[in-house]
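Could you put the whole structure together from the sequences, leaning on the hints where they help?
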Amino acid sequence: MQHVIDKRVPAHPVPVIRISRLTKSYGHGDATVHALRGPSRPGTDEPAGVDLDIAQGDYVAVMGSSGSGKSTLMNILGCLDTPTSGRYLLDGTDVGHLDEQQLALVRNRRIGFVFQSFNLVPRTTALAQVELPLAYAGVRAAERRRRAMAALSLVGLGERAGHKPNQLSGGQQQRVAVARALVTAPAMLLADEPTGNLDSRSTEEVLGLIDGLNATGRTVVLITHEDEVARHAKRVLRLVDGQIVSDVRQAPVDGPPPALHRAGVSA
Amino acid sequence: MILWQTLRFAVGGLAANKVRSALTMLGVLIGVASVILLLAVGNGSSRAVKDSITSLGTNSLTVSAGSAAGGSRATASVKKLTVADAKALASEADSSAVKSVAPVVTTSATALYGNVSYSPGSVVGTYPAYFETANQKVGHGDYFTNDDVLGSRKVAVLGATTAKQLFDTEDPVGKKIVLGGTPFTVVGVLAAKGGSGFTDPDDVVIAPLPTVQNAFTGFGAVNQILVQASSADTTTAAQSEITRVLLGTHAIVDPTKADFRITNQASLLTARESTTKTFTVLLGAVAAISLLVGGIGITNIMLVTVTERTREIGIRKALGAPRAVILGQFLTESTLLSVIGAGLGVAAGIVGSHFSIVGIKPVVIPESVLGAFGIAVAIGLFFGSYPANRAASLRPIDALRHE
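Same order as they appear, the protein sequences are chains V and H.
Counting with my numbering, you get residues 387 to 653 for the letters of the first sequence.
Counting with my numbering, you get residues 738 to 1140 for the letters of the second sequence.
Be aware that a few hints might be false.
Where chain V lies over chain H, by a calculated footprint (3+ residues, C-beta under 8 Å) [said to hold, decoys possible]: (1) 1055-1062; (2) 1129-1138.
The calculated label-pair distances, taken between Cβ atoms and stated as ranges, are [unchecked claim]: (3) V:Ser555 <-> H:Ile1094: 58 to 64 Å; (4) V:Ser452 <-> H:Leu740: 41 to 47 Å; (5) H:Ala1084 <-> V:His611: 56 to 62 Å; (6) H:Arg757 <-> V:Ser555: 28 to 34 Å; (7) V:Ser555 <-> H:His1139: 23 to 29 Å.
Facing chain V, from chain H, some residues (calculated, C-beta under 8 Å) [said to hold, decoys possible]: (8) Gln742; (9) Gly749; (10) Ala753; (11) Glu1049; (12) Ile1052.
To be clear, the hints were calculated from the coordinates, so they are not data collected in a lab.
A quick note: this is a predicted structure, and the numbers were derived from the prediction, not measured.
Even glycine gets a Cβ: it sits at the ideal position worked out from N, Cα and C.
See below:
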């Protein structure tokens, strides 16, 4: 595979995501569960919150067992959920101060989602699925169709544009979801166990697509519990009980993703 | 996107559950159709009552002896109405209000033709003006004339029922009948009016006043004086004219002590109309309730739909659908349900109104069609707004987690 690396990625990128002292808890009093807590404050049992910076163009895998808080983190990063405390700056904007309307706009313009369970809209053709975020963004019909078709072709499903989710395999559905996530050209791609429901061949296809997107400069945050998948990332975070316990860089931010790099070397 | 896309999503949503959507529409359909149909039935029955009263002559006023107040009847000596009163009315009353005057005596007698004997409902002695005032039209033959009255000729006009009883299929015109011992020549037969109550208006014999007085009642008081106002609008003016003239001839100063009564077909009509109006309102209320129930059906089904599609709402929100779009989508769906249901209901109501219901021919009120349709659509919007609002205010994370 040959991918062109976007040379416009700055050498010292500003963080696209900056979270500081972020906590998320459910329930009250003794029954409080801290899904995200970070280290405890010195001398107390109080959570100090999670701090994390993710640079523009980075490819971060967030790992952890179930209940480690990785999905909570992803939901907060995707502006689907609000933190209990702490600050979240997305592209320098404090998301905590945005109202619902503005959050919808942020989700639409800045973030592309890929979910484990595909989350396609039922009874809707692949083309219409991919057009949907553009429609919400107010793009004109002709332009919408053109961009949606381009995105579908990119994921290799140009021929399946008229198929509905129940006429597509799992791998194809996930590729439609990837096309839908990238069609608005968002700064960040959030993938929540995108390969969790896929066979190994489809997994390779979908990860290949995500690698390619990262190679063109898009920031990717990928949640997984498989080491195989995490190997594709430039940076691997491990979460245990709502804390980041390890942060390993596997490749530089402004290089190609490791899987592509390896492919390039072996070629 | 907005309109076309939203509409397409809504149609898709409805088509996904065809039976459910159809049943919900049926609720609205029944509501709208029953509003249109029941109001049409009410209107039809009111029209029927109106027609039957109009057939008696809306412009006619009946003057009869007796106190209007009723209480003073015992004290004051009641002066009977006479032909002189009628003549005074004809000559003195303002002719712009009073068109014609006909004194009426009513009696009963047995009629004989050949060996057929029959007792008509009433024998009426009057002037030719009576025919027009009482809305009695001759269907065959002719009316008797003023000359017949002046000459006290023994001529008679038969009601349709009386003619049928006496002559069966024979042509009565020109034949002689014997009425209470006096021979009369039949000059005409009235057109049938059809019964609208307990008495048959066609069972009557009408003859010149002096002839009847001479043969039966004697030349004393008359039973009634029938006055025809110049138009339906002048009945009130005619009524006050009659009061003025008769107070004069009866030499009564205080109008409250009047010894005659004036009844007005128009006031009768108003009374009957208010009855049928109540009837129509009741029917309309029942229909409105069924429309309301149809609306609740929409809420119910839209709530189910929202619950069922919570995940889809979550996906759409994650893709950046603003609140207004989600709200619009579900509102469009519920409104579409009500619009289609109401449209079919209008069709059903109009088709149904072509059939006669419990003997009443329904008459569709155009406003009721527009009103029922409009209200149904408004109900779709109103009752759909709660579920739609619920869908729109779901938090994306909760919606996505929904199983």
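A quick look at each hint next to the structure:
1. 1055-1062: n = 7 at 8 Å, threshold three: holds.
2. 1129-1138: Contact hint for the segment 1129-1138 of chain H vs chain V: holds, 4 residues under 8 Å.
3. V:Ser555 <-> H:Ile1094: 58 to 64 Å: holds, 60 Å
4. V:Ser452 <-> H:Leu740: 41 to 47 Å: holds, 44 Å
5. H:Ala1084 <-> V:His611: 56 to 62 Å: holds, 60 Å
6. H:Arg757 <-> V:Ser555: 28 to 34 Å: holds, 30 Å
7. V:Ser555 <-> H:His1139: 23 to 29 Å: holds, 25 Å
8. Gln742: holds, 6 Å
9. Gly749: Hint on Gly749 of chain H: holds, closest Cβ of chain V at ~6 Å, below 8 Å.
10. Ala753: holds, 6 Å
11. Glu1049: holds, 6 Å
12. Ile1052: Cβ of Ile1052 of chain H sits 5 Å from chain V, so the hint holds.
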